[in-house]
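J.: Sequence:
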Amino acid sequence: MEICKEQIIDISGIIANGMWQYEPPYPQFNKRPFPTVDWVEHKVYVDYFEGMSGQTGTYLETPAHILGDESYNIDAIPLADLIDRRCIVLQVRPETAPATAAEPTSAAATPDPSVEAARPPITAAMLATAPNAGLIQPGDALLVSAAWGNRWFDPDYLSAAPYFTRDAMDWLISRRPFILGSDVPRWDNLAKPQGFFHDFYAADILMLAPCVNLEHAPVEPMRLTALPLPVADTCCVPCRAILRVGKTDE
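In our numbering, the protein residues as written are 8 to 257.
EDC-like mimics (lysine to aspartate or glutamate), calculated; alpha carbons at most 16 Å apart, straight line:
1) 38 to 57
2) 199 to 174
3) 38 to 54
Computed beta-carbon distance windows for the label pairs:
4) 204 to 157: 23 to 33 Å
5) 14 to 198: 36 to 46 Å
6) 79 to 177: 20 to 30 Å
7) 31 to 236: 19 to 29 Å
8) 204 to 100: 18 to 28 Å
The set of hints was computed from the structure by calculation and includes no laboratory data. All values derive from a computational prediction rather than experimental measurement. Beta carbons: idealized from backbone N, C-alpha and C, even for Gly.
Using the sequences and the hints, build the whole thing.
T.: In structure tokens, the structure reads:
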């Protein structure tokens, strides 16, 4: 993908029937048309978005996801903090997990531990040796690309996805980003938990995940805008996120 000055990269995953879903009790997204609206003179077209939750598609999440009332919700974040935030994207390529014949994870009651255990790790060494790791500044948006976003509709999008090791997350937290994001949909490994989420949220970092198209991001700093839907009193909300490439005003 050729990167031109002032290019926009849309890193929001499409919300559509057949996309990946977390396992129950998360609902399955289903877009279907409204019936006829009798009290309108002309035929109108509008859709139900059934099964849409705060973690449908690409979403922004605050520490209240784990810390509850000890933290803050999405509507408490100043909008200016989410527009044109300096951003670095680290490219890593963990070993691909073996293909599975499993049904889409949305159909499974719980994740399969044997499949979870085979997921490939993202380690601190991979992150530290990324060519632009030295460009990270405190307060940045820091995104990690495993080129996983193009698997958005695959049945094993969750079950085969890479995960972050404890040392990787410690390394990321130590960079002190304002937002940490990735194209990985499940950061921990449920079969061998890394136990980093409390430390992550205690560091007061926002989560942006899962993203798409991060593999097209260049090594130089960019600008991230991530605008959540204006839903009151909730810690995670679907959002539209873009990278502005070619100018950082540094």
